[in-house]
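Engineer: As they're listed, the protein sequences go chains A and B. Residue numbering for the first sequence is 10 to 622, as defined by the working numbering. Residue numbering for the second sequence is 43 to 127, as defined by the working numbering.
Treat the hints with care, as some may be off.
To be verified - A short, non-exhaustive set of chain A residues, derived as facing chain B with CB atoms under 8 Å:
hint : residue
1    : 130
2    : 250
3    : 257
4    : 260
5    : 285
6    : 288
7    : 292
8    : 298
9    : 329
10   : 332
11   : 336
To be clear, the hints were calculated from the coordinates, so they are not data collected in a lab. Yeah, the Cβ is synthetic: ideal placement off N, Cα and C, and Gly gets one too.
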Amino acid sequence: MQQKDAFIANLGRIYGIYTGAFLGFVIVLAILEQLGVPNRVIGYLFVFLTIGVYAGIGILSRTTVVSEYYVAGRRVPAFYNGMATAADWMSAASFIGMAGSLYALGYDGLAFVLGWTGGYVLVAVLIAPYLRKFGAYTVPDFLAARYGGNTARFIGVIILFTTSLVYLMGQLTGTGVIASRLLDIPKEAGIFVGLVGILVCSMLGGMRAVTWTQVAQYIVLIIAYLIPVILLSAQVTGVPVPELMYGQVLQRITELEQQFGGPGGYLEGVKAHVAPFTNYDPLNFFALILSLMIGTASLPHVIMRFFTTPSVREARKSVGWALLFIFILYFTAPAYAAFAKLEIFENVLGKDISTLEAVQQLPAWVFLYGKIGLVTVCGEAAASADALFKACQAAGVETLNYANFGIHKDVVVIATPEIAGLPYVIAGLVAAGGLAAALSTADGLLLAMANALSHDIYYKMIDHTASARRRLTVARVLLIAVALLGAYLAIAAPAGILTFVAWAFSLAASGLFPALVLGVLWKRCNSQGAIAGMLAGFGVALFYIVATRFYGMPKWFGVNNISAALFGMPTAFLVTWVVSKLTPEPSREMQEFVEALRIPRGEVLMEDARKAE
Amino acid sequence: MPSPGQMAEYWARSRNLMITVLVLWFFFGFFVHFFVVALNQITFLGFPLGFYMAAQGSLIAFVAIIFWYAHRQNKIDEEFGVAED
Chain A
10 MQQKDAFIAN LGRIYGIYTG AFLGFVIVLA ILEQLGVPNR VIGYLFVFLT
60 IGVYAGIGIL SRTTVVSEYY VAGRRVPAFY NGMATAADWM SAASFIGMAG
110 SLYALGYDGL AFVLGWTGGY VLVAVLIAPY LRKFGAYTVP DFLAARYGGN
160 TARFIGVIIL FTTSLVYLMG QLTGTGVIAS RLLDIPKEAG IFVGLVGILV
210 CSMLGGMRAV TWTQVAQYIV LIIAYLIPVI LLSAQVTGVP VPELMYGQVL
260 QRITELEQQF GGPGGYLEGV KAHVAPFTNY DPLNFFALIL SLMIGTASLP
310 HVIMRFFTTP SVREARKSVG WALLFIFILY FTAPAYAAFA KLEIFENVLG
360 KDISTLEAVQ QLPAWVFLYG KIGLVTVCGE AAASADALFK ACQAAGVETL
410 NYANFGIHKD VVVIATPEIA GLPYVIAGLV AAGGLAAALS TADGLLLAMA
460 NALSHDIYYK MIDHTASARR RLTVARVLLI AVALLGAYLA IAAPAGILTF
510 VAWAFSLAAS GLFPALVLGV LWKRCNSQGA IAGMLAGFGV ALFYIVATRF
560 YGMPKWFGVN NISAALFGMP TAFLVTWVVS KLTPEPSREM QEFVEALRIP
610 RGEVLMEDAR KAE
Chain B
43 MPSPGQMAEY WARSRNLMIT VLVLWFFFGF FVHFFVVALN QITFLGFPLG
93 FYMAAQGSLI AFVAIIFWYA HRQNKIDEEF GVAED
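If we strip away everything but chain B, and leave its shape as in the complex, we get (with noise of 0.2 Å):
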């Protein structure tokens, strides 16, 4: 078991990493579509761009925001000595 010291900060780098991930889905999830109007002046694989990010862009961004943050939180676990074995 890690010392209540290496506990907090485990925590603490956790909690990081979980702010990190909640910014990205705010951002992939509301930030970009508040402009789509102006995104759709732009045309992405023959697709207006702020129509894209809603149908697409954002969905291929949470799948990867989601494995990304699972080999993160990972590493975070292997280097606390608490992953399970």
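Next up, chain A with everything else stripped away, as it sits in the complex (with noise of 0.2 Å):
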């Protein structure tokens, strides 16, 4: 206990060294490399080093009690907790492909960024504080809690594992492309290298090392993401603050785009990149804000990082935080994205390449990635000068222009340094971000999912007498078992699956969020009108999405599948509203329950974890 303490208590100091080692660690990196050490060492010493950090996290972290395991002892300052949180929600999907998106979406692709912050409002005045005060280990705890019984907890547990697991599929594959690419071996292989950082870390202190871990994962992913575009812009416009200065970069596009976008000019066919609704109608865009605030503030993963709080208090306050660590990622990635369509409408589009020589003055970055097939030239990948005047001789181009050229959006990102001519250390540098990203993301869920196995399934409704000696193992040997099972649909799974990722937060806003903030809001919510409205807006979401993708059902009034959310939560409302309405109201000790949680003074509401303080 006293140890605990004095760990806590010195957080700050902490956290700063390894920052500070951190930082130094990449300066070795840069001297090794000037002193002429391979690039493919560096990528060794980038991977094996923060993981190894990660595993070493988790294993100082080990513990043998149950609420440590569960909730990390409910002793994680607001301020941490959030930086935690942070990288628990930044993926692999933000780190390398939202800059892309809006590289390729312009205004449309902000609808990611408003989507995917202002969640954090309602999870702050609906969701946190509350699902704190009860004192829940998993998401399904309340849901039982609040809607009687197991019932509750079990279509709690269906809609929890669905929605994560194509979320942790997604990571892994994340996981396996960078750490392949850094270390030169094959994805399935580059796969498991991350679930063994990912288990080392998680398996034996549960969301206790999780949370320190994630921690150090977000400073390691913030300083990756940020150094490079930093100085880019130094180097574009005089001054490193990207985030003021793309504002710029967004005048010369827009008039290169007047310039060169009529007929005949090199950019024929662009849309403007800060002309709203060029690639969403207006009632898609809202829609897809709409879904993707309402599934951030259900996503069990999320919201389970603020039951490690020390009070209902610093639990709202953490959200605060938490939003503000992610705001500085993605308030960053419009920049990333104007100063590549800049670098590329500048430096690629336009030449000339009529001659071999002509075509090899163009910038090496776009050969580099051509390479592995991530950029494209004249449909073929321009993998090297050669072929790349071959494919355009051959379809007769002879000035490149925007028509002709495809880039991969995960590109915009990991080119950032080779575009502004930096070191390969750099290089490195982001991919150990995106690592971090992909790795702290993918703790989080296994966590979440092995959580509910282990607690909601095994001790909640098969075996209510286990020692907690007994809970910790079972949990651990889940975590194991689901950790294999995403590694194994990740890899035998087809490519297409990531799509899944988006309809995750369709489906967790249709299927969780109205219980969850009805069990709060609305004293006259009961059992079976939470049961109908769980299953009813779940329901609707997957056959909207499964019938629109798979079976060419027409779209509902034009709205696209990943915004399932706008049909299926308010099915959800609706039906739990009537049929609580139609049967009796729940019971006197229920309405006290209810009272109970909304005032932030006195003990946490939930029985076992109780007994376990």
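Each chain sits in its own coordinate frame; assemble them with the hints.
Structural biologist: This is the structure we're talking about:
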């Protein structure tokens, strides 16, 4: 106990030293690179040293106490829980993919930026304080207590498992891609390298280990995200504040679009970057924002982070810190997109490619990423100047234009170090940051799923008399089982499966949000209503996604299936309300329970958690 | 423990704060973006204002709203004696 409090008191110093050590490590690698150490060795050092540190934190945080394993002993200060939540939240898709989506979609891509941040306002006022007061170990715990037992718990587990599993597959694939690129090994082997790191970290210490690892991972990922674009901004605009300076860059992009976007210009067919509704119509734009926001407020691996704060007050503040730390990355992503677009519009497109000599003048990064198929020109991978020249000659293209240039969305972030002409060590740093983003999210998801199985299914539904020791053993075995299942699916499933990740938001929003919110705000809401609502909401969203995606059902009102929550969530609210009204009101005790949830003072309400403390 | 009457007033005050926050959330999450085309005619810090609001302005507002909410709700908790020690 004493030792732990000393640890909490010294957090600032510990993570300060850690941050300094990480920066020192990057500088040492930069010096090694100048001394002629090959890139591959630098890649290995980045992967194994960072994963090694995460695993080390996991081992140091090992625990045999149930409440430490499930909720980190409810001792995580708001500020650090904010950092851990930010790492938990920002996945490989946020780190690597989002800037690329903004590059491709322009203004319309900002729906993701708005949706993935605004949801935290809902977490702060509707979800986090009340679930923290209840003292849940898992989200289904709350559903069971409020809606009278294991039926609600079981439905909660099903929804949690479905949404988290597809999300986990996305993270494991991301881990595999990054590790394989840095280590020069197959993607499948890369997935297992990442998996070892994830398991060592989370298995021994549960939530406690994951918390302190996620804080460490946040520091790595935010440094890695900011450095390249700060240096690029200094080069292009002379001021190292990309978030402010890309306004000028947008103006130049708009000028180029107007000048060369007409018929015959090299940007013919381009969509204006800052103009709204060129890719999504307004209905889909706002439906997407709503689905992502509500989904954010319903994803169990995010909600459960707020179970770890010392008090309800800290839980509320912690949501603010979490969003501030997320904001730092999300308000930088559009700057990445703008700088990349300007580079491409000025230094790649519009260039003469009628001779091999001219083609060789193109920036080197085009061929670097062309080699791995991420940049295509005239319909072929731009593997070399020769290949590009031949492909365009065959197509009769003499000036490289917008229509003949293709770029994978991941390239925008990964290629920035090369665009800015920075040494390889910065490229390695970006990859280490992407790895940290994928691993930290995978940690949280894995724990959410394994805890639902061990606590909700095994302990609450199968063996209510299991000893603490036995419960933790079961939790660890299930953690490995879920990890292997996720890895197997990530390797076996077809590539298109990654679009499933976006659907997780709609499924969680439709299945969980109404039950969680009405459980606190509406005393009259009863078990029958909530259970019917969860099933109806989840069912409608799932039906809409499956029917439109796989069975060619026409869209309702033209709404894309990524925003299925637009139908699922109102259905869930309506069904919950109607069924609750038609059935008897909850017992006196249940109504008192809801009143107790609403006030911060007093001990946690979950009986099992009270006993453990 | 507060009396049932105080409890009702506590919840009414908390609920009003909640509604205020949700109105602000709707305003910055949706309402301002309805006018993006008009706002883009205005230049702010070198950005078209409509683009700026979606890329930065609303995000800053969300962060500020949450910290403000946490502060206000805590004040209400203390006033009614239901804050944690």
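Engineer: Are the hints correct? Go through all of them and say.
Structural biologist: Hint by hint, here is what the structure shows:
Nearest Cβ of chain B to the Cβ of residue 130 of chain A: about 4 Å, under the 8 Å cut. The hint holds. With a cut of 8 Å, the hint placing residue 250 of chain A at the interface with chain B is violated, because the nearest CB-to-CB distance is about 11 Å. Using the Cβ-Cβ criterion of 8 Å, the hint placing residue 257 of chain A at the interface with chain B is satisfied: the shortest such distance is roughly 5 Å. A hinted interface residue such as residue 260 of chain A counts as satisfied when its beta carbon comes closer than 8 Å to some beta carbon of chain B; here the least separation is about 6 Å, so the hint holds.
Proximity of residue 285 of chain A to chain B holds as hinted, the smallest CB-CB distance being about 5 Å (cut-off 8 Å). With 8 Å as the threshold, the beta carbon of residue 288 of chain A stays out of range of chain B, its nearest partner Cβ sitting at about 14 Å, so the hint is violated. Among the interface hints, the one on residue 292 of chain A is violated; its C-beta lies about 12 Å from the nearest C-beta in chain B, farther than the 8 Å criterion. Proximity of residue 298 of chain A to chain B holds as hinted, the smallest CB-CB distance being about 6 Å (cut-off 8 Å).
The criterion of a C-beta within 8 Å of any C-beta in chain B is met by residue 329 of chain A, whose closest approach is roughly 4 Å, and the hint holds. Taking 8 Å as the C-beta contact cut-off toward chain B, the hint placing residue 332 of chain A at the interface holds, the least distance being around 5 Å. For residue 336 of chain A, the interface hint holds, since its Cβ comes within 8 Å of a Cβ in chain B; the closest pair sits about 5 Å apart.
Going through the hint list in order, the structure does not satisfy hints 2, 6 and 7.
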